[in-house]
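Asker: Okay, here's what each chain looks like letter by letter:
Number of protein chains: 2
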Amino acid sequence: MAAAPTTAKLFDKHRPTLDQALEAIRTRAYWSPYAEHPKAYGETAAPDGQAAFDALRDQRFALDQPGTDDWVGEEVSPYGPALGITYPHPDADRLLPAMRAAMPAWRDAGPLTRALACLEILARINARSHEFAHAVMHTSGQAFMMAFQAGGPHAQDRGLEAVAYAYAEQVRTPEAANWSKPQGKRDPLNLSKSFTSVPRGVSLLIGCNTFPTWNGYPGLFASLATGNAVLVKPHPRAVLPLALTVRVAREVLSEAGFDPDLVCLAVDRPGEGLAKTLAVRPEVRLIDYTGSTAFGDWLEANARQAQVFTEKAGVNSVVIDSTDDYKGMLGNLAFSLSLYTGQMCTTPQNLLIPRQGITTESGPKSYDEVVADLAGAVGKLLGDDARANALLGAVVNPQVKERIDAAPKLGEVALPSRQVTNPEFPDATVRTPVMVKLDGARKLWDSPGADAPYLSECFGPISFAVAVDSTADAVDLLRRTVREKGAMTVGAYTTSPDVERLVEEACLEECAQLSLNLTGGVYVNQTAAFSDFHGSGGNPAANAALCDGAFVASRFRTVEVRRPE
Amino acid sequence: MAAAPTTAKLFDKHRPTLDQALEAIRTRAYWSPYAEHPKAYGETAAPDGQAAFDALRDQRFALDQPGTDDWVGEEVSPYGPALGITYPHPDADRLLPAMRAAMPAWRDAGPLTRALACLEILARINARSHEFAHAVMHTSGQAFMMAFQAGGPHAQDRGLEAVAYAYAEQVRTPEAANWSKPQGKRDPLNLSKSFTSVPRGVSLLIGCNTFPTWNGYPGLFASLATGNAVLVKPHPRAVLPLALTVRVAREVLSEAGFDPDLVCLAVDRPGEGLAKTLAVRPEVRLIDYTGSTAFGDWLEANARQAQVFTEKAGVNSVVIDSTDDYKGMLGNLAFSLSLYTGQMCTTPQNLLIPRQGITTESGPKSYDEVVADLAGAVGKLLGDDARANALLGAVVNPQVKERIDAAPKLGEVALPSRQVTNPEFPDATVRTPVMVKLDGARKLWDSPGADAPYLSECFGPISFAVAVDSTADAVDLLRRTVREKGAMTVGAYTTSPDVERLVEEACLEECAQLSLNLTGGVYVNQTAAFSDFHGSGGNPAANAALCDGAFVASRFRTVEVRRPE
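Those protein sequences? They're chains X and H, same order as listed. Count the first sequence with my numbering and you get residues 183 to 747, in order. Count the second sequence with my numbering and you get residues 183 to 747, in order.
What the hints contain is simulated information worked out from the structure, not anything from laboratory work. Any given hint could turn out to be false.
Note that identical chains are pooled: a pair holds if it fits in a single copy or bridges any two copies.
Straight-line distance between alpha carbons at most 30 Å, and here's what the computed BS3-like set of lysine-lysine pairs gives [to be verified]:
1. K191 x K547
2. K562 x K367
3. K547 x K195
4. K562 x K363
5. K562 x K583
Next comes chain X alone, as it looks inside the complex (with noise of 0.2 Å):
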């Protein structure tokens, strides 16, 4: 079954899309195709989009999926607002069935109909980024303007990487071959063979919290390109995000004559942990997961039906050896530690400077100065409240604000945490980030049962000014962390060539991405689709990488038919 007339014309507009994606992730040059400023996308883009978010609250938000048992859905903004709106909740003895018998024909359409058709999803979504910018900033607590990159263009260029990666995946085996095998003077052996891209089955998406679609669309966007159903369960406090997507997904895929219970929405009732349920249906064969540690090792160990995909959590560090551009540099890491108030998997936690001090332009800085210059960065940078605000977001639940508070027990805080005033939403929980200092004492650190603070992840706006006896000792520090922990991003600042090969080597022994001496406009906690590797998959914080081949390949099968010609 190929898309109807009218949709294979609309599709075919993307297919240069589809070709710059695949030549960008070959060349790993800078390329996006979706704008990542608000003011792109029209005049009246930024009002209609709240006016369409506004329409969607204290709603039913229906979708004509089968299997609906229940409405459900309790949702409140981390700026204030319970947002109201209610989703169906699934009967999943009805609603799985009706997805996978969805598959057959999505599957015959082939690898190119289905990466045009989530391209032209994409497109849809990306027409919409304004109303799905307040949709993440009212369910993640990101600022606007952050909910609007990273929620929107960011995410869709996420979206449209793992595309590119499942479509060039597919047809890397062709559709159909001619086997001739000579036989001496005999007649060769002739074979006619074919070759179909195969789904694995059900595709559960477990949405997260504070990015759901940047983390989301990766695996959404791999397994429906491969053929699969997609049965999106998104986190109860961010459900808007995703639920606005699956409604994009089944009218795009409705009107291009397919079944739309290829992508549906499963929500939570309070308390019902429904994704331990899905999660081990027979049906289901993928799963994408990016949350905490624990429930990532549940689903591992448990969900043994499906190939599993996890983000989890990590320990991010910053080696501090040494730098040419010591402003440049503090205001860099003070950019990073407040970014949507440090809840990113990318922020960095440990800072690690040798106790001695470190060397810069301007002469050596004590280890004291060092945190004193990077807190003194962060307050000038947070000073003003309403730059703050658009910098740091919300807090995205009661657990980060109750690790903000525990911090200062840790030890000597050098930069303590304050309330900011955000006039538009005053009840919303906005917290500026806290650092302390403490001792990286070899002794504290190297023995098995060490449990020093900076040996574990602690999420949030808190980072750690790890006072360590050598640089040698803070690589030996990161490579003990990465590897026990895990890590999303390592950063390091060193004028050295032998400091920079050192870090290197950990992060290619310990399987880390690193980022040397940014003190401009780029941050280690941002990655750029088609361009940067989003965590390695290689150490504990993840078991696979955004985006690669090992995302998208087992995402599918390959079924050959061969006959005598």
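Knowing the structure of chain X, use the given hints to seat chain H on it.
Answerer: Just chain H now, kept in the frame of chain X:
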């Protein structure tokens, strides 16, 4: 570290072969660089190979690898004589760290040097194909010609195919990229990025008894080509072919200036269960396994620190609906049932034949006629003892013999097994296939608790002529066995386009590889590297296919280092 200059020149000789392999996996046309006829290897190759094999017997198989704490080995040829060879037994606490230490330089050599080194290993193995043939014959029980071809050039093909996939996967990402993001009127953001393929760790190959090289080479070469060290743990009854492989690999690596401990051998003490111990070592991050479902399931459940690739058991079926070449069908099936005494993971077991018979070019044939004619075809094929010995080889282990002897208890015997005398090896157990008639009435298999013999694997030369109520029932029974027990192969004979579509759809949905209407010199149980996939990876018989992107993509990770330009 690059290869030493003289070796680099040698490696360059292999570049055209690598390019041809890359082209072959893209087109899937017929191709092989390794001659499959024994006479292609020169006049003295046969006696030289025999002499080389004889010289290995009743000796220590010396390997200069570290951590050897014992010499072990108790191989007895299925043709009778004990081999008398002992091999190094490892102290894993010494061997595994040495293997880890060998990896950084191998990683730094890059994908091309690694691929060319692997091709040099394969070329040297190829030159010794006669010696390997004796080693395979006297461990697996394969007849000489099959041991030569399947254990030699065809296994080398599968190894080269894995190298090609591994190389292609690694070079999808460039070694370096310049990234420049426009910033409107401001200067662009510029980063210089490097990308390095890094290994996962030690890769453990757990070899099988029946095809030590053919089933072992894909995982061995895929892991080595992606930068990992490979620890080879052969089946205790089939050590020699893989020990020779390890020795050749170590020679090539040493000559090229790499640490030979990148490839090491680990042989069990009797009853030690060394595979279980090694599989859960933290250093082991990849495992390739071919063998029983029970141990494959154990590995998947317990070796959680590793990515596990398994080929386990399955129930292979042939749907016999109709044919326009009755004699060709019978001859083709008779060969498939007989080859290597039905001890291939791809040998058909269930012959699904409608109770009311089938149509052929010479009129209808009843179920009883089809079964009798097939039994007759097998009998004729194996009527001459010399030819029977050349096709059958020897029974690989006592369990297979027990199953042959127990088969008559399952139902009416359509074809009894007979002992064939082998004048050269009078102690060999050589048995012809047994075929049993079984009732395939729907009520006997279409319920959850059904336990008809054809619902499980009965490994060895035992086939079931299952009388089903209709071709549609045959396809339903096929679906059930593939879904629950898996299948490496499915065959079908039909002249009806509707039946063809029905079987194809079943194979696409249950993810099984299908051969249609084979009547000539290609058999359902044989696959050709570079063109055919061995297994699908999508049903319980195997979680991986030989060879596709999924087989190599997760054997390495890509580490990015980015810095301002």
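Asker: Against this structure, judge whether each hint is valid.
Answerer: Verification of the hints:
For a Cα distance limit of 30 Å, the shortest separation of K191 from K547 qualifies neither inside one copy, at 63 Å, nor across copies, at 52 Å. Proximity of K562 to K367 under the C-alpha cut-off of 30 Å is restricted to the inter-copy arrangement: shortest distance 26 Å between copies versus 85 Å within a copy. In this assembly of identical chains, the alpha carbons of K547 and K195 never lie at most 30 Å apart, being 57 Å within a copy and 56 Å across copies at closest. Proximity of K562 and K363 under a CA criterion of 30 Å is satisfied inter-copy only: 27 Å between copies versus 74 Å inside one chain copy.
In this assembly of identical chains, the alpha carbons of K562 and K583 lie at most 30 Å apart only when taken from the same copy (22 Å versus 82 Å across copies).
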